[in-house]
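Novice: Listed in order, the protein sequences are those of chains C and W. Per my numbering, numbering of the first sequence is gapless, rising by one per residue and ending at 157. Per my numbering, numbering of the second sequence is gapless, rising by one per residue and ending at 748.
Just to be clear, a hint being listed does not mean it is correct.
What the hints assert, rightly or not - Chain C is nowhere near these chain W residues, computed Cβ spacing over 10 Å in every case: (1) 521; (2) 526; (3) 529; (4) 532; (5) 533; (6) 536; (7) 541; (8) 611.
Unchecked claim - Some chain W residues judged to face chain C by a derived CB distance under 8 Å, without partners named: (9) 570; (10) 582; (11) 614; (12) 656.
Hint data in this document are derived by calculation from the structure and do not stem from the laboratory. Note that the Cβ used here is the ideal one computed from N, Cα and C, for glycine as well.
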Amino acid sequence: MKNRSWAFLAGGLLVALLLAGVVSNYASSHPDGLDSSLLKGCTVDADDNIVGGSCPAQQAREHELGDSPLADYGVRGVENGFLSTGLSGVLGVLLTFAVGAGGFWLLRRRGATSTPSDTATPVEGGSPTDADAATSGDARRRAGAAG
Amino acid sequence: METLAMHISNGIIDGPVAAVFAALALAALTGCVLRGRRDLDDRLAPMAGLVAAFIFAVQMLNFPIFTAGVSGHLLGGALAAMLVGPWVGALCVSVVLVVQALVFGDGGVAMLGLNITNMALLGTAAAYVLIAVLLRVLPRTPAGLAVTGFVAAMLSVVVASQGFVLQYWLGGTTDLGGNLAGLAGTMAGVHLLIGIGEGLITATTVVTVAKVRPDLVYALRGLRPATVPTVPAVGGVR
């Protein structure tokens, strides 16, 4: 991979780490669309605990791995809530990236056919034979806009 | 109570239906692997990993919607479809859901097939069909790209929410007294609002990436004057 790709990858990861590690602490703690829909029919208190009525959410059972050290997006043993959420977010981003990138790397197509020939199919008259894919991408977009 | 769970919890849908959807999801994901390999080259593989990591991060960011006491969060199918294509995109969202279920206790492990079907398969497929259509109709400008991302993301969330309604109709553990339409309406309404947030996040992210590295936006690759039937069939992902 070229340097620019590494820079993009590093920049993207940094953004994801900041979002999951810091911004996540300012996320709304209200139930999401699914949970709130399943709470319909029940009455809840200020902390969104069910206090009465009957609704689908009451059937919810324990998670199989509810005692995982990172369960509920916190790190067990870290008392500080801000730190706990942030740290779990950082670990989650790194883990997801490792699993995703690692898995996709193993699955990627290899060998002589791995030239980007099918992704850089020249438009009529265009011949993006230059190695810089970004430039050829631009050229294709311009050609597309013109055509 | 920390209500940080975001996906279908254990006990909401009965076991047999969950198992059927697990088998269905596994088959569809196998198809995505086989077809997605054609897209996965040395460059796309790490980028797809980044897309999964980014979706994980943004899913943590529950945002308030206009209805009091309800939040929403990104599902990510449309974003993934735009950046890495429908096949690899569905796999990206699935990686996120698997990590969340196995490590973060979010979304029952027994419910994984249901969650993957709704968010990774239905959401991504619906988004990509819309993306393919809109990119051919709209002007090829940043604004056109933004509108495509916004609309595809918004509607894909509603489609995903109706996937849950179907599953609940098949195997919901509470008798709604025949009021499935009520659940469908509630889910659609609240997810239309969540879809606005999903749309804004998707459009912003895609336009930003297109500005920095247009070659990394999968949806822009297919834009050739000659219409090559590379668009997956609507039901292809099932």
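Novice: Hints first: check each against the structure and report whether it holds.
Specialist: Comparing the hints with the structure gives:
1. The Cβ of residue 521/W sits about 4 Å from the closest Cβ of chain C, inside the 10 Å cut-off, so the non-interface label is violated.
2. With a closest Cβ-Cβ approach of about 15 Å to chain C, residue 526/W is found to remain outside the 10 Å limit, as its non-interface label requires.
3. Taking the minimum C-beta to C-beta distance to chain C, about 14 Å, the non-interface status of residue 529/W holds against the 10 Å cut.
4. Listed as a non-interface residue, residue 532/W keeps its Cβ farther than 10 Å from every Cβ of chain C; the least gap is roughly 14 Å.
5. The Cβ of residue 533/W lies farther than 10 Å from every Cβ of chain C, with a closest approach of about 19 Å, so its non-interface assignment holds.
6. At roughly 15 Å from the closest C-beta of chain C, the C-beta of residue 536/W stays outside 10 Å, upholding its exclusion from the interface.
7. Listed as outside the interface, residue 541/W is consistent with that label: its C-beta sits roughly 13 Å from the nearest C-beta of chain C, beyond the 10 Å cut-off.
8. The beta carbon of residue 611/W sits about 8 Å from the closest Cβ of chain C, which is not more than 10 Å, so the claim that it is off the interface is violated.
9. The interface hint given for residue 570/W is met, as the beta carbon of that residue sits about 4 Å from the closest beta carbon of chain C, less than 8 Å.
10. Checking residue 582/W against chain C by beta carbon gives a least distance of about 5 Å; that is within 8 Å, so the hint holds.
11. Interface restraint check: residue 614/W against chain C, minimum CB-CB distance 5 Å, threshold 8 Å, status holds.
12. The beta carbon of residue 656/W comes no nearer than 15 Å to any beta carbon in chain C, farther than 8 Å, and the hint placing it at the interface is violated.
Hint compliance for this structure: hints 1, 8 and 12 are not met, and every other hint is.
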